[in-house]
Amino acid sequence: MDNVIHILYFASFREQLGQAEERLPASYATVSELLAELAERGEYWKTVLLENQNLQIAVNHNVASRETSLKAGDEVAFFPPVTGG
Amino acid sequence: MDNVIHILYFASFREQLGQAEERLPASYATVSELLAELAERGEYWKTVLLENQNLQIAVNHNVASRETSLKAGDEVAFFPPVTGG
Amino acid sequence: MILDSTLTPFIKIQQHDFDLTTEVLALRQGHKNIGAVVSFVGTVRDINEGDEVTVLELEHYPGMTEKALEKVRLEAHKRWSLEASLIIHRIGSLHPEDQIVLVVAASQHRENAFFAAQFIMDSLKTNAPFWKKETLPSGEVRWVDSRISDSEAQKRWKV
Amino acid sequence: MILDSTLTPFIKIQQHDFDLTTEVLALRQGHKNIGAVVSFVGTVRDINEGDEVTVLELEHYPGMTEKALEKVRLEAHKRWSLEASLIIHRIGSLHPEDQIVLVVAASQHRENAFFAAQFIMDSLKTNAPFWKKETLPSGEVRWVDSRISDSEAQKRWKV
Chain S
1 MDNVIHILYF ASFREQLGQA EERLPASYAT VSELLAELAE RGEYWKTVLL ENQNLQIAVN
61 HNVASRETSL KAGDEVAFFP PVTGG
Chain E
1 MDNVIHILYF ASFREQLGQA EERLPASYAT VSELLAELAE RGEYWKTVLL ENQNLQIAVN
61 HNVASRETSL KAGDEVAFFP PVTGG
Chain G
1 MILDSTLTPF IKIQQHDFDL TTEVLALRQG HKNIGAVVSF VGTVRDINEG DEVTVLELEH
61 YPGMTEKALE KVRLEAHKRW SLEASLIIHR IGSLHPEDQI VLVVAASQHR ENAFFAAQFI
121 MDSLKTNAPF WKKETLPSGE VRWVDSRISD SEAQKRWKV
Chain Y
1 MILDSTLTPF IKIQQHDFDL TTEVLALRQG HKNIGAVVSF VGTVRDINEG DEVTVLELEH
61 YPGMTEKALE KVRLEAHKRW SLEASLIIHR IGSLHPEDQI VLVVAASQHR ENAFFAAQFI
121 MDSLKTNAPF WKKETLPSGE VRWVDSRISD SEAQKRWKV
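Chains as they are written, first to last, in our numbering: chain S, 1 to 85; chain E, 1 to 85; chain G, 1 to 159; chain Y, 1 to 159.
Treat the hints with caution; some may be incorrect.
Listed next, the stretches of chain Y that the computed footprint assigns to chain G, with coverage defined by at least 3 CB atoms under 8 angstroms from CB atoms of chain G [what the hints assert, rightly or not]:
{"hint": "1", "region": "45 to 51"}
{"hint": "2", "region": "105 to 116"}
{"hint": "3", "region": "129 to 142"}
With a cut-off of at most 16 angstroms between alpha-carbon atoms, the simulated EDC-like pairs for lysine to aspartate or glutamate come out as follows [to be verified]:
{"hint": "4", "chain 1": "Y", "residue 1": "K32", "chain 2": "G", "residue 2": "E152"}
{"hint": "5", "chain 1": "G", "residue 1": "K32", "chain 2": "Y", "residue 2": "D51"}
{"hint": "6", "chain 1": "Y", "residue 1": "K32", "chain 2": "G", "residue 2": "D98"}
{"hint": "7", "chain 1": "G", "residue 1": "K32", "chain 2": "Y", "residue 2": "E111"}
{"hint": "8", "chain 1": "G", "residue 1": "K32", "chain 2": "Y", "residue 2": "E49"}
{"hint": "9", "chain 1": "G", "residue 1": "K78", "chain 2": "Y", "residue 2": "E52"}
{"hint": "10", "chain 1": "G", "residue 1": "K155", "chain 2": "Y", "residue 2": "D17"}
A few chain G residues facing chain E, derived, Cβ under 10 angstroms [as the list claims (entries may be wrong)]:
{"hint": "11", "residue": "D46"}
{"hint": "12", "residue": "V55"}
{"hint": "13", "residue": "Y61"}
{"hint": "14", "residue": "G63"}
{"hint": "15", "residue": "K67"}
{"hint": "16", "residue": "E75"}
{"hint": "17", "residue": "R79"}
{"hint": "18", "residue": "A84"}
{"hint": "19", "residue": "N127"}
{"hint": "20", "residue": "T135"}
{"hint": "21", "residue": "L136"}
{"hint": "22", "residue": "G139"}
{"hint": "23", "residue": "E140"}
{"hint": "24", "residue": "V144"}
{"hint": "25", "residue": "E152"}
{"hint": "26", "residue": "K155"}
Note that these hints are calculated values from the structure, not bench results.
Owing to the predicted nature of the structure, the values given are computational and were not obtained by experimental measurement.
All C-beta atoms in this analysis are idealised placements derived from N, C-alpha and C, irrespective of residue type, glycine included.
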């Protein structure tokens, strides 16, 4: 297991943030801490993710929340409300 | 228009009464009067039709009741509860 | 006096089988605003009332059946905003796993199609003049009893 | 750590189209006690939010999608006595009138199949990670907004 977390962005988030995935060191205890770090990248990241009341989160393919804890090897996904079917 | 009513029996009624249809003079004011006349044929007719609480009645393809009035040319059908689908 | 049964391509009483894909495609034809299609297929079960069934014979009242089904179909269109709907019911000799009945309801959004299809089936079960007779492996032949649960199901629609 | 998505032939995420008859027949195979089969097909409407749509692009989250759908399917089996069920969802570029999604629920009696199919669709709409992007005739491309009515519909199941 690498000492990283794998982050995925889907749909409008992927387009707005200009990337589909990235790897970061596994140095965040919770999703909230990770979001705070990402928001440091600028206003756009802050608006799309941290301050987005409709932000959807999954950790290792399970629905998660900002309080969900993270560990090395985790896959974290951020995406807007789903619209399939 | 003939001066008769056309009577149909379906499913178990047809088998129990041994006939699928018949014509009778149009001399019954209501379904009830017709049923009383048919019951005169014997215990079997009385049991299957007149005294049958589950008797279903249609007049001219519309759901009807014992109170429905009859006139020459009418088609009256007697049958048990339906079981399609 | 008998009125002609309503002539409609959306009610079919037939001995031969039906194909789900074909029927649904034909029904959708020309309705580009359909977003939801709910289909119900009733099939012959191999067991009824605990007994094995080898043949299921379907009898109906020609004329009244079509009229009763068209009434149910139009009522469904009135209650829910359907774009299209279809009822096919087979008659004659059927066997386990055969298709008996098809109801299709199509609407813009799924809720209407679901409710309409369920309403049509519940109504058909209690109002359409069809009768089933089943043959058991012993050769015994018996008429199928109507299910109390069917008339209960129909009541919720407050017809 | 990522768990393998549940391997099941009853969840399919695919680009190619599906055939209703073929899928329903395959699902019924070997279940002789099925008496009711409810199928839902979602199709691409030519109009959304008042605008004509020329292309609908479906994106998903591979791995999580299968897991979310299998969870919904198993929950439906637990709540209603299903004999079999199936979910197919297409991804990629679709056009008006194309089929998007298929849900099939099969049970002994019709009520369970109806409720289960509706539950699966409501759950899929709110829980499965799919996203739609539509192209208008002007060339404008926009992400489809989630419908409030979908999350309302899901609430009635009290998951």
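TODO: List in ascending order the numbers of the hints, as given earlier, that are violated by the structure.
DONE: 3, 4, 7, 9, 10, 11, 12, 16, 17, 18, 20, 21, 22, 23, 25, 26
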